[in-house]
Amino acid sequence: MCGIAGVLDRSLSGRDGDLTSMASKMGDAIAHRGPDGSGVWIDSVAGLAFAHRRLSIIDLSPAGAQPMVSADGRWVICYNGEIYNAEDIRREPLLADVSWRGHSDTEVIVESVARRGIDRTLEDLNGMFAIAVWDKKEKTLHLIRDRLGIKPLSLSRDGGRIAFGSELKALHAIGVPRDIDPASVTSFLRFGYVPTPFSIYRNVEKIAPGEIVTIAAGGKTARRFYWSATDAARRGILSPLDASDDEATAQLSELLLDAVSRQMLSDVPLGAFLSGGIDSSTVAALMVRANRGPVRTFSIGFPEFGFDESKHAAAVARHLGTHHTEMIVSGADALAVVPQLSEMYDEPFADSSQIPTHLVSKLTREHVTVALSGDGGDELFAGYNRYRLAEGLWQRTSMLPKAVRQGIGSLLNGIPMGLVDGIAGRLPSGFAPPQTADKLRKLADILALDQNGIYLRLVSQCEDPALLAPTAPEHDLWSQALRDVEGLPTFLDRMQLLDTVTYLPDDILQKVDRASMSVALEARPPLLDHRVLEFAWRLPKKFKIRNGESKWLLRRVAEQYVPRSLLDRPKAGFGIPLADWLRGPLRDWSEDLLDRSRLGGGLIDPQPVHRLWNEHLSGRRNWAYALWTVLMFESWRRRWASA
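Sequential numbering of the sequence shown, starting at 746, is according to this note's numbering.
Just to be clear, a hint being listed does not mean it is correct.
BS3-like mimics (lysine-lysine), calculated; alpha carbons at most 27 Å apart, straight line [said to hold, decoys possible]: (1) Lys914 - Lys1056; (2) Lys884 - Lys770; (3) Lys1187 - Lys1056; (4) Lys882 - Lys914; (5) Lys1147 - Lys1184; (6) Lys914 - Lys770; (7) Lys1107 - Lys1184; (8) Lys1147 - Lys1107; (9) Lys1056 - Lys1147; (10) Lys1187 - Lys1107; (11) Lys965 - Lys1056; (12) Lys770 - Lys1107.
Estimated spans, in silico, between C-beta atoms of each pair [claimed, not checked]: (13) Leu839 - Asp1195: 24 to 30 Å; (14) Arg1341 - Ala808: 20 to 26 Å; (15) Phe970 - Pro927: 47 to 53 Å; (16) Lys1287 - Pro1215: 42 to 48 Å.
These aren't lab readings, by the way, just hints derived from the structure by calculation. Note that beta-carbon positions come from the ideal geometry of N, C-alpha and C, so glycine has one too.
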């Protein structure tokens, strides 16, 4: 795990000092990603420079340092990530004559490219990665991102200068223009993230998961995909698993054990995040099952927040026999993170679980350098509550005329939400869901929608972003996303795939990458081994949701190691009491950011924002998510846009 950056500028040909200086600045800007070492490599004639910041995980010796040149001198690699099957590739016949300098996966990649080519190498790689490969002979740069988008990679074009980096900070370091894209602002307000391939800046783009961008001499660019989650999903659906419950459980168990075992490869201390839920408990259990030595697990608790999963995590840890460390987080601890977020996320980002994710990463880094996580289980095995909510709602209401559904929605919207929460608060514990009124309001809003509209509403932070940011419409990604899922047989299939290609890489994985790498912790998600994804898409619905139980097959795997009594509880998010904080301890901070004279720099209309703010303060509505997106944008803008 590291940070990478680079620049390609023909006008800098022969200017070695300038190339070295620029690369050094880019690397220094992302030093937090790799505090164990740094390296710069230049091709003076081509005007190319690579910068690498190293977090030493595999082969801690100088033989693992980057940038790295292939033995034949033709290829140069600058790479961030981990390859879990490097030893398998090392044994390939075409690599039999390599005189290996060390045992790093970096060397395996570059020598495989030199002898087998880029396409064959990528086909075989099992891991997470963002790779820059320079072909000295052809003077061609290849930028590559892993299949699921676990590791980030951005690319900018400024005249004849091309630059790339793991984070936007690297691009800032060499003066890449910070011209905000108004359409990205509107898209951000809807989703809480700027969707790929766009970035918050006009001239910067994100390389997509599974994509190769090739920049040839003269700047000509070609883009192609070497792997696609959409294609994998369609292949899986066309080849459904024909197996009994026991057979399916055994197959998934074997595959997950192999994925977890591979990702335990490390020359430095390693552990796991443990919330006590299905996903993280499965990963921790399989780490113990792999029998590679004592397993360390980490969790945080939030007793002040009205719920505390740390006791569940501790119970699972005791059962598995892990060496468990937990930290009880106070409101003050969590609030102290808020001012750091705009530095940590150098593009606007508004998933409030970024706060506890950073806190558990910080705790974990005090003890280990690598942590396995349970990310991906919800997308692959249908774990999100919204899947059952959306499908159930559609099944119960789709036969009603649209006008009738609209009428019911209007009636529900007419009920005072304060009254609803008041009644819900007097009911026995567990009888009414948290934020009952807000959920009722959401139900009222989606009753008249079709399946696509229901999904979009459920994943939107802000229902009508154009109202808040009227300067430009959203990026037209939705129509393309719908084409990608067109023809999938079920509503559940379409929701899962949409999440896998949008929400997973742009929200979940970006959140974890920035939160963990801000403290130089490598986070590995074994459930997102691409083989697991391909297997999951072969599962008929009965293996995902059965008798109202989500993640049915994954639960059966977990229950081989952890008693059902420890796992059988309602799904809880990794959240914070955002609505209350905005009315309380974050109110002054929020009102400073919402100052009408400064808000949005002309990109956001203060009037509708303040209407939401006043309704939220009064308790009439819960606009916490929409307001958090505005606040995160403004906090980011003040830190980065005017710098």
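- Message: Just to be careful, I want the Cα atoms of Lys1187 and Lys1056 compared with a cutoff of 27 Å; is the pair within it?
- Response: With Cα atoms ~31 Å apart, Lys1187 and Lys1056 exceed 27 Å; violated.
- Leu839 and Asp1195, beta-carbon distance inside 24 to 30 Å? 52 Å, violated
- Mind checking the alpha carbons of Lys770 and Lys1107 for me, to see if they're no more than 27 Å apart? 26 Å, holds
- Query: Holds or violated: are the alpha carbons of Lys914 and Lys1056 at most 27 Å from each other?
  - Reply: With Cα atoms ~38 Å apart, Lys914 and Lys1056 exceed 27 Å; violated.
- Query: Regarding the pair Lys882 and Lys914, is the alpha-carbon distance no greater than 27 Å?
  - Reply: With Cα atoms ~30 Å apart, Lys882 and Lys914 exceed 27 Å; violated.
- Message: Just to be careful, I want the Cα atoms of Lys1056 and Lys1147 compared with a cutoff of 27 Å; is the pair within it?
- Response: 46 Å, violated
- Item | 27 Å Cα cutoff - pair Lys1147, Lys1184 | 21 Å, holds
- Item | Satisfaction of hint between Lys770 and Lys884, Cα-Cα up to 27 Å | Holds, at about 23 Å.
- Message: Just to be careful, I want the Cα atoms of Lys965 and Lys1056 compared with a cutoff of 27 Å; is the pair within it?
- Response: 56 Å, violated
- Item | 27 Å Cα cutoff - pair Lys914, Lys770 | 10 Å, holds
- Query: Is it true that Lys1287 and Pro1215 lie within 42 to 48 Å of each other by Cβ?
  - Reply: Hint holds: Cβ distance 47 Å, inside 42 to 48 Å.
- Decide if the proposed pair is consistent with the structure: Lys1187 and Lys1107, CA atoms, cutoff 27 Å inclusive. Since the Cα atoms of Lys1187 and Lys1107 sit roughly 35 Å apart, the hinted pair is violated (cutoff 27 Å).
In summary, the numbered hints that this structure violates are 1, 3, 4, 7, 8, 9, 10, 11, 13, 14 and 15.
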